[in-house]
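Fit chain B to the supplied structure of chain A, relying on the hints for placement.
Protein sequence lines, in the order shown, are assigned to chains A and B.
Per the working numbering, the very first residue in the first sequence carries number 389; after that it's consecutive.
Per the working numbering, the very first residue in the second sequence carries number 862; after that it's consecutive.
Keep in mind that the hints are not guaranteed to be accurate.
Pairwise CB distance ranges (calculated) [unchecked claim]:
1) A/D510 with B/G959: 37 to 45 Å
2) B/E1113 with A/L406: 27 to 35 Å
3) A/L498 with B/A962: 41 to 49 Å
4) A/G448 with B/S1150: 29 to 37 Å
5) A/L406 with B/E874: 29 to 37 Å
6) B/Q972 with A/G423: 48 to 56 Å
7) B/D1093 with A/K499: 35 to 43 Å
8) A/L512 with B/K976: 35 to 43 Å
9) B/L1043 with A/E493: 26 to 34 Å
Simulated from the structure, these hints should not be mistaken for lab results.
Yeah, the Cβ is synthetic: ideal placement off N, Cα and C, and Gly gets one too.
Listed below are the residues making up each chain.
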Amino acid sequence: MNHCASDTLSDITTGNVLPLLHEIRHALQRWLDEGVPHIIDLRALPMATDEEDQLIDMLGAGEVHCNLSITGKSTALETCFPGVWLVTHYHSDERIIGRYIEICEIPAILKSQQADARGGLDRLDELITGNT
Amino acid sequence: MQADITIGEALREQGISRRSFLKFCATSATLMALPPTMAPVIAATLEKKRRPSVVWLSFQECTGCAESITRSDSSTLEDLIFNVISLDYQHTLQACAGHFAEHIREQVIEQQDGKFILIVDGSIPVKDGGVYSTIAGMTNEQILKETAQHAAAIVAVGTCAAYGGIPKADPNPTGAVAVADLIHDKPIVNVPGCPPIPNVITGVLVQYLTFGLPELDPLGRPKAFYGQSIHDRCYRRPFYNKGLFADSFDDEGAKQGWCLYKLGCKGPTTYNACATEKWNFGTSFPIQSGHPCLGCSEPDFWDAGSFYSALSTPTDNIGETIIYAAGAGVLAGAVLGGVHHARKKSAQRHHQPVGIDDLEKES
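Same shape as in the complex, but just chain A (with noise of 0.2 Å):
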């Protein structure tokens, strides 16, 4: 068998940056025509090294940037292509724990949930007494 001593893993790629393209572009499609939406976990698939990177160059960055506090921090960027959004949850030592492309109208995690609001009214309720 040949091969080179230079074989390094750098030289090692899944190609899985192209069909994951393919499925972006499917499932915003389908949001579009049906209004149903679709999540991709990125920790889920195998990626060399670079691919990653490589993908979420190629999305790029659109309008909307938010950053969570949320146990550590987290990132929902909307990307170039509206309605194709990057979730990025991060560990409190900063190194990245999951990471998904939604397609959808807004990511669950940015939505306001009813639970936390109930206890936000509670405390309202103590401010207005406190202050009344």
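Relative to chain A, chain B alone:
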């Protein structure tokens, strides 16, 4: 014990928002290899459940498994599991000690009969009446059987609890056995590893709380975390496929990150999540650091031959012996047995340490 409030209520009491909880559930879904659309299902299911009481029994162990699950110094997602469960008894983490601590264990058994989760780490010695490990005057075997009969399910954390582990390694002086060797009438989930990956321990608990008992492989391990071999998910697999192997730890192949099969990697026969979840907060895992997989999540990995001999290598040098025994095939087994016995006695007599040169010579 605060086992009578829901998990959702417990989280809000701790000041953890539902949005934070959704983040935890999203990353848990990834961990359990579930589709991301399951994250809201996990959240909706978990937050309505009563906070389960958990008793953690530690036997013949090094505390590595407890250390694995507690690697944090600030509020982290791993911490969140301790808000989801009510850890009522655990030797390393509990503040109390002595008879009061044992009273808490007895109280959980009485008040949560049939409902609490029993986590066990460490093997259980049974030789000589189990005297090699006792707590509060009771042998580990007695404590395990007394507690297990009232538990809803048992999670055997670490290779020691799951299969006997290091204490069971030859000659097994304490008669160490696994949880499943003593308990036969309760569901047992084995979470092996030396130690198991922190996220895997957490993920198994989340999976059990959300969906009930997970699907297990023939060795009692959850398929979500142990369903694939290290070899199947190893980033060096392309080199294996191309036949590019490191022949020593410092040759050009090793420096280029080639496959470590020839240096003894047990990845092909080891099932665990190391290649995907990694260690030290996703930093690396043994193969990525240049060391072959030891196979630490498999039964009897300490007695399975040298860590530095390739999987295809026989476990003893039988070449010359076989030549003489070939003519009388029926004697081959007896001769091999004799060779093993003689080598063991010689090693014990001389207490010869093994250096890296000896390991490389054998391979």
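Consistency of beta-carbon spacing, B/G959 to A/D510, with hint 37 to 45 Å: holds (41 Å)
Pairwise beta carbon distance, A/L406 to B/E874, judged against the given window 29 to 37 Å: violated (48 Å)
Beta-carbon spacing of A/L498 to B/A962 - inside the hinted bounds 41 to 49 Å or not: Roughly 45 Å apart at Cβ, these two residues keep to the hinted range, so it holds.
A/L512 versus B/K976 beta-carbon gap, inside 35 to 43 Å or not: holds (38 Å)
27 to 35 Å as the expected CB spacing between A/L406 and B/E1113, which holds or is violated: holds (33 Å)
Range agreement (Cβ of A/K499 with Cβ of B/D1093, hint 35 to 43 Å): At roughly 37 Å between Cβ atoms, A/K499 and B/D1093 fall inside 35 to 43 Å, so the hint holds.
B/Q972 paired with A/G423, Cβ distance criterion 48 to 56 Å: holds (49 Å)
Pairwise beta carbon distance, B/L1043 to A/E493, judged against the given window 26 to 34 Å: Hint violated: Cβ distance 55 Å, outside 26 to 34 Å.
Whether the CB-CB distance between A/G448 and B/S1150 falls inside 29 to 37 Å: Roughly 35 Å apart at Cβ, these two residues keep to the hinted range, so it holds.
Violation of the numbered hints given earlier is confined to hints 5, 9; the remaining hints are satisfied by the structure.
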